[in-house]
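Position one of the sequence shown corresponds to residue 966 (the working numbering), numbered consecutively onward.
Bear in mind the hints are in silico, worked out from the structure with no lab data behind them. Values in this document were obtained by computation on a predicted structure and should not be read as measured data. Virtual Cβ for every residue (Gly too), placed ideally from N, Cα, C. Do not rely on the hints blindly, as some may be mistaken.
Said to hold, decoys possible - Label-pair ranges, simulated between beta-carbon atoms: (1) V1008 - H1247: 30 to 36 Å; (2) R1220 - D1013: 24 to 30 Å; (3) G1022 - S1209: 19 to 25 Å; (4) Q1145 - G1170: 38 to 44 Å; (5) H1057 - A1079: 30 to 36 Å; (6) T1023 - P1146: 51 to 57 Å; (7) E1083 - E1239: 32 to 38 Å; (8) S1107 - H1247: 23 to 29 Å; (9) R1042 - R1222: 30 to 36 Å; (10) Q1157 - S1084: 25 to 31 Å; (11) V1242 - H1057: 30 to 36 Å.
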Amino acid sequence: MPLLPKSTAKAAAGAVAAISGTYGLLVGEAFLARRRIGTTDEVPPVADGVYGVDFPGTPVKVLVLGDSTAVGYGMKRADQTPPALIGLGLSHLFDAPVDVRSVAKVGARSSHLAAQIESAIDYGPDLAFILIGANDVTHQVSPGRASRFLSEAVTRLKAEGAEVVVATCPDLGTVKQLPQPLRTVARLLSRQMARAQTVASVKAGARVVSLADLLGPVLVSKGDALFGDDRFHPSAMGYATMVSFLNAAAAAAWRERAHQAYAGAPRDYMTVAEAAVEAAEHGGTQVVPDGGRWASVLRRRR
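The task is simple: from the sequences and hints, build the whole structure.
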């Protein structure tokens, strides 16, 4: 094998050194960020139960899966957690009782969804919410691998007769606790994850809500009100804002299931890949499967 010219060898060595230095910097910043954010052994109160008991009819069964965002990490009261907010909100949207069960776990990654489903498969959910992705990014799971696990979870839930709403990975670049350049890298990686999740979920038949920078516009007017005490997870207001978009998506899916017309914003038709890019760039966007490689994009009203 011929030797490289000295100039080329020096350039290659310099590039390797630069990459190694950047990687070391990011690892160090990630370690400091974890120390700043901290962790807690506190688990939010269980919010499982029937909501809207005064409404007539058979309860709609709702299953919540995913990570700490689905659990409601940081909340002290059950009624502040996403499972409770989902149950209460949907009961009023449906004018029917809603029975909520959550199997979400703090720290869960996409590979854990199969076990979560298995633990509740006898429940027979009518609707399922999946909130996942952030821990895949922080644990350096590739978007392709993570989205395959997500696709399998959606497929399993659909096979059991459930309508599925997937909330994609949030934009980790909005977390001020992350220093630069780690914050920029986190934004890039989380958006890549969200795009892969969107494609996989839509192809599997789920309705997708982009959390890419869902809270961004509100942060401009409300400052840090949407982040909790650790400055990483949502506050009570943050969870409520997020769930309002998820419930809207679930209500639309439920109406379509009942063969009712969708009453939301106008649709744009495009390929699933194009829809994934659109959703990753515009928080709150819904992506609805429309057969094969096509999907319709529903933008939230301003």
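Hints, one by one, checked against the model:
1. At about 33 Å, the CB distance of V1008 to H1247 agrees with the hint of 30 to 36 Å.
2. Restraint check, R1220 to D1013: a C-beta distance of roughly 25 Å satisfies the suggested window 24 to 30 Å.
3. Distance hint check for G1022 and S1209: the Cβ-Cβ separation is about 23 Å, which falls inside the suggested range of 19 to 25 Å.
4. For Q1145 and G1170, the Cβ-Cβ distance of about 39 Å falls inside the hinted range of 38 to 44 Å, so the restraint holds.
5. Against the hinted window of 30 to 36 Å, the Cβ-Cβ separation of H1057 and A1079 comes to about 32 Å, which satisfies the hint.
6. In this structure the hint that T1023 and P1146 lie 51 to 57 Å apart at CB holds, the actual value being about 53 Å.
7. Look at E1083 against E1239: about 34 Å separates their beta carbons, and that is inside 32 to 38 Å.
8. The supplied range of 23 to 29 Å is met by S1107 and H1247, whose beta-carbon atoms lie about 24 Å from each other.
9. For R1042 paired with R1222, a C-beta distance near 32 Å keeps the hint of 30 to 36 Å intact.
10. Under the hint 25 to 31 Å, the C-beta atoms of Q1157 and S1084, about 30 Å apart, fit the expected range.
11. Roughly 34 Å separates the CB atoms of V1242 and H1057, a value that falls within the hinted 30 to 36 Å.
Checked against the numbered hints given earlier, the structure satisfies every one of them.
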